[in-house]
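Participant: Under the numbering used here, the first residue of the sequence shown carries the number 1, and numbering increases by one thereafter.
Treat the hints as calculated values from the structure; they're not laboratory data. Mixed in with the good hints, there may be bad ones.
[What the hints assert, rightly or not] Below 25 Å or equal to it, Euclidean Cα-Cα: the simulated BS3-like pairs (lysine-lysine) are:
#, residue 1, residue 2
1, Lys-7, Lys-24
2, Lys-2, Lys-25
3, Lys-2, Lys-367
4, Lys-367, Lys-348
5, Lys-7, Lys-352
6, Lys-216, Lys-256
7, Lys-216, Lys-315
8, Lys-2, Lys-370
9, Lys-370, Lys-352
10, Lys-2, Lys-352
[To be verified] For each label pair, taking beta carbons as the anchor points, the in silico distance ranges come out as:
#, residue 1, residue 2, range
11, Ala-205, Arg-269, 20 to 26 Å
12, Asp-347, Ala-158, 52 to 58 Å
13, Ala-166, Glu-208, 36 to 42 Å
Glycine included, each C-beta is placed from N, C-alpha and C at the ideal position.
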Amino acid sequence: MKIAVLKEQAAGESRVAATPETVKKFIALGAELAVEAGAGVSASYADADYAAAGASLGDRAATLAGADIILGVQGPDAASLAGAAPGAWLAASLNPFGAGENGGRARVDGYAAAGIEALAMEFMPRITRAQSMDILSSQSNLAGYKSVLDAAAEYGRAFPMMMTAAGTVSAARVFVMGVGVAGLQAIATARRLGAQVSATDVRSATKEQILSLGAKPVFVENVAGIEGEGSGGYAGEMSPEYQAAQAELVSSHIAKQDIVITTALIPGRPAPRLISERQVASMRPGSVIVDLAVEAGGNVEGAVAGEVVTVNGVKIVGHRNVAGRLAADASALFSRNLFNFLSAFWDKETGKPLLDDEIGDAIRLTKGGKVVNARLTA
1 MKIAVLKEQA AGESRVAATP ETVKKFIALG AELAVEAGAG VSASYADADY
51 AAAGASLGDR AATLAGADII LGVQGPDAAS LAGAAPGAWL AASLNPFGAG
101 ENGGRARVDG YAAAGIEALA MEFMPRITRA QSMDILSSQS NLAGYKSVLD
151 AAAEYGRAFP MMMTAAGTVS AARVFVMGVG VAGLQAIATA RRLGAQVSAT
201 DVRSATKEQI LSLGAKPVFV ENVAGIEGEG SGGYAGEMSP EYQAAQAELV
251 SSHIAKQDIV ITTALIPGRP APRLISERQV ASMRPGSVIV DLAVEAGGNV
301 EGAVAGEVVT VNGVKIVGHR NVAGRLAADA SALFSRNLFN FLSAFWDKET
351 GKPLLDDEIG DAIRLTKGGK VVNARLTA
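Work the whole structure out from these sequences, hints included.
Facilitator: Written out as structure tokens, the structure is:
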């Protein structure tokens, strides 16, 4: 069983799908590991470290030659996988609902045509036994942390309250919109930095989580029957009544905030618009908004993917691939997700992983030359 670890080709991608730590673990299972030269350099993992862990290093062609499993962070173009074994697995974040060069249905069709069995790690079901395999959670955790640091870097004032002989500096007021994994980490990080934190979400169940982190929950009240709970623990789409009530509540709250961090995503759909141009204009000059959903269309009107723009004195931060800006840690967690996934199904007798139906059906996009995932064929 040969496992190939590729150097990422997507622009700005600094992560790697395996680290020397997981290379050792795969070899202990009986696998042969081939790592493309330079694959880990941007994440601070040297080729020599992979060699010391037992991997062979070479160019892309040598790495892919006869590979049974291909590991990546972002899914590569199917044409770049020539030389892999027939029916080889590709395990990566494949972005099948995306657009542009780093995802989309055309790329999935390319995997099918090439005979690749494509496994979309972001489709991992939110079930207990798959928690350690969940790349969305591990990467969102880091993105939530980094979003606060990005906000602090753009904000021209201190976060904590400071009492000095020259006077008192007021604590920054931080508002987190969307209390999933990224939002909870953003709350915790902002609190550790000494900010006064509030948060909101369409799921009423998150109120206790917000309180447990020492933040103030800001929720729409008296809108019966709207919980916002989607499948798999994700937020669902809001009703028009809830959207109107939330917009009114947020408008009054956001005008008083120094920093707003938005994290709302709906799998397979454009990110919901949470902050309008009018609401941005209501904030004081020098305020900062960080849009973690900018690559999915953005939660904030005026946000631009890959840029920090200033609108009426308010900075709107739209960094791409926020977790990847912490490349070493993001790679360590991502690679452990991949190892946990494959090792959980590793069959000692055959020397390869054998997926069960529940997880396999959830993440498998292509097999036998066809697109087979129900989310893509419905």
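Participant: Give a verdict on every hint.
Facilitator: To see whether the hints hold, each was checked on the structure:
Simply put, Lys-7 and Lys-24 have alpha-carbon atoms about 18 Å apart, close enough for the 25 Å limit, and the pair holds. Distance check on the hinted pair: Lys-2 and Lys-25 sit about 14 Å apart at the alpha-carbon level, within 25 Å; holds. For the hint linking Lys-2 to Lys-367, the alpha-carbon distance of about 19 Å falls within 25 Å, and the restraint holds. Distance check on the hinted pair: Lys-367 and Lys-348 sit about 23 Å apart at the alpha-carbon level, within 25 Å; holds.
Distance hint between Lys-7 and Lys-352 is fulfilled; the C-alpha atoms sit about 23 Å from each other, no more than 25 Å. Proposed proximity of Lys-216 and Lys-256 is supported: the alpha carbons are some 14 Å apart, at most 25 Å. Between the alpha carbons of Lys-216 and Lys-315 the distance comes to roughly 24 Å, so the proposed pair stays at or under 25 Å and holds. Between Lys-2 and Lys-370, the direct Cα distance comes to roughly 24 Å. Compliance with the 25 Å bound is thereby established for this hinted pair.
A C-alpha spacing of about 23 Å is found between Lys-370 and Lys-352, which places the hinted pair at or below 25 Å, so the restraint holds. Restraint check for Lys-2 and Lys-352: the C-alpha separation of about 9 Å stays at or below 25 Å, so the hint holds. Range check, Ala-205 to Arg-269: Cβ separation about 21 Å, and the 20 to 26 Å hint holds. Checked against the hint of 52 to 58 Å, the pair Asp-347 and Ala-158 passes, with Cβ atoms roughly 56 Å apart.
Checking the proposed 36 to 42 Å range against Ala-166 and Glu-208 shows it holds: the Cβ atoms sit about 40 Å from each other.
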